[in-house]
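Visitor: Residues per chain are reported as follows:
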Amino acid sequence: MDRKIYLDNASTTYVSSEVMNEMMPCFSSIYGNAGSVHSFGRDAMAIVDKARDRIKDAIHARKANEIYFTSGGTEADNWAILGVAHAYAGKGKHIITSQIEHHAVLNACQQLEKEGFEVTYLPVDSTGLVDLAGLLHAIRKDTILISIMTVNNEVGTIQNVKAIAKIAHDYNILFHTDAVQAVGIMKLDVQDMEIDLMSMSAHKIYGPKGVGALYVKDGVMIEPLHFGGENQERGKRAGTENVPAIAGFGKAVEIASKNYIITNKRLKMIRDYFLEKLSEKVEHYQVNGHPQQKSNAILNVSFLGVEGESVLMLLDLKGICVSTSSACTSKSLLPSHVLKAMNVPDEVAQSSIRISFGNNISKSDVDYVVSELQKTVAKLRTISPIKVGRK
Amino acid sequence: MIYSKTILDRFQNPRNAGQISGANAVGEAGNAACGDVVKLFLKISENGMIENAKFKTFGCSASIASSDVACDLIKGKNIDDALKVTSADIIKILGELPAHKIHSSLLAEEVIRLAISDYYKRKEKATKAAIRKSKKAL
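Chains as they are written, first to last, in this note's numbering: chain D, 3 to 393; chain R, 701 to 838.
Treat the hints as calculated values from the structure; they're not laboratory data. Be aware that a few hints might be false.
Claimed, not checked - Covered by chain R, according to a simulated footprint, are these stretches of chain D (three or more residues, beta-carbon under 8 Å):
1) 293-306
2) 348-360
To be verified - Here are some of the chain R residues that sit facing chain D, going by a computed Cβ distance under 10 Å:
3) TYR703
4) SER704
5) PHE758
6) GLY759
7) ILE764
Unchecked claim - Using 16 Å as the maximum straight-line C-alpha spacing, the simulated EDC-like pairs for lysine to aspartate or glutamate come out as follows:
8) D:LYS389 / R:GLU728
9) D:LYS320 / R:GLU728
10) D:LYS260 / D:GLU20
11) D:LYS381 / R:ASP709
12) D:LYS143 / D:GLU117
13) R:LYS784 / R:ASP772
14) R:LYS756 / R:ASP772
15) R:LYS705 / D:ASP318
16) R:LYS756 / R:GLU728
Since the structure is predicted, the reported quantities are computational estimates derived from the model, not experimental observations. We put the beta carbon where it would ideally sit given N, CA and C, even for glycine.
Between the sequences and the hints, there should be enough to build the whole structure, so can you do that?
Guide: The following block contains the structure:
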């Protein structure tokens, strides 16, 4: 009963040993402040520069200076939205995003609405895709920014980012994408994909928590959110560089981008095996999200007639860790905003759990998880007043 | 989120889950859209004593545990005393309930009232039918 199976990798991952090795010296020997002029400072700055280079290479940015380190994905999203809006407010005060964005984007947009900006929240279809015709329709003369996530964190649907970026640029509008769930899952080439700003995070790709980055294409204006050290991150993001975390982040991105093809193959194999076993053992469920155009790491399933949190709790008692919607929303009672936008009926949305696969799961783990799921769902269905299927 | 031992125990091994075939009072509270539906089945004796109580719940662990405790609290009580059971009584037995889960106990309180009101409705209907029958016989 001590078996523990972690299937919540979209929330966070463990830190890999390669990443840890990269970080360790920064705690004890290379502990200087990267802003200091002396050798301790220069050594620390060299670490930061190395990480910046690695990320530049991984996302095919033109210059390392286009990468700005932040405290994580949330700050990168907040900054992209607020920083661009404040910099371009003279040009226009309209922003377009989607209804299924992470709250780091949605709540930043709500903040802008309080400041007098207007925001269009584009709907999505039942697979979670933003409709391009709808996007074209929403564009106005005063639109300054379009922000659409690359991979959705709850259902895994992958947006047509390149097409959206092209549309944005046809109208001389900047394009930001939250790529937190995309790093290590797909090839990210900011030049080819015509991305102006892109948010990333370390702790979803076997890096440490508390660090992320925002890619800001050369020439794009952005107002800072942090004030203080004028030399930190070219005056755009004040605060002493989190050198150990940045070092780990650089390594994590390097590994993730180098291995994304093999990682995907493995994730797809595991995901497909899971679905195959599930179809053999459990009835009356639905998989939410796009059938093909989606991350192999994320699986969102509704077990009809039973509530998601109770499934999560029973699995947890068996050592299996999954989540309901995203960890950030699992304390709210409302059905997931993503599933709602996809027109999933409320009671089906309340029945959903998110299973997110990582490097450390085997087929025998999947066998165990599916057999526990079978028992869990059957048990909860016997005490549920909601009948599913024909009885 | 940390649940008390009692909640976890009641959630995993509910004593009163199921339904009563000859139930003469049924209540249903909540809706699936909000994530909770509680259905309560009661068997009430001629003299107004709750002889048996069972539930079926679609909801989180706190909801299932609350429903289970509610059944225990009203079993063996007469209707008037059962109506005095509140969410506070349920929480007392469950131990601490996380703030955002208080609604689970409120729902359990509500469903007791709804089931008992169903009992009175059925009784009224039966009485009216009896009166009609006796009038016809006259």
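Visitor: Compare the structure with each hint and give your call.
Guide: These are the hints, each one checked on the structure:
no.	hint	verdict
1	293-306	violated (count 0)
2	348-360	holds (count 3)
3	TYR703	holds, 8 Å
4	SER704	violated, 13 Å
5	PHE758	holds, 5 Å
6	GLY759	holds, 5 Å
7	ILE764	holds, 6 Å
8	D:LYS389 / R:GLU728	holds, 14 Å
9	D:LYS320 / R:GLU728	violated, 31 Å
10	D:LYS260 / D:GLU20	holds, 14 Å
11	D:LYS381 / R:ASP709	holds, 15 Å
12	D:LYS143 / D:GLU117	violated, 19 Å
13	R:LYS784 / R:ASP772	holds, 14 Å
14	R:LYS756 / R:ASP772	holds, 14 Å
15	R:LYS705 / D:ASP318	holds, 14 Å
16	R:LYS756 / R:GLU728	holds, 9 Å
The structure fails hints 1, 4, 9 and 12 (numbered hints given earlier, in ascending order).
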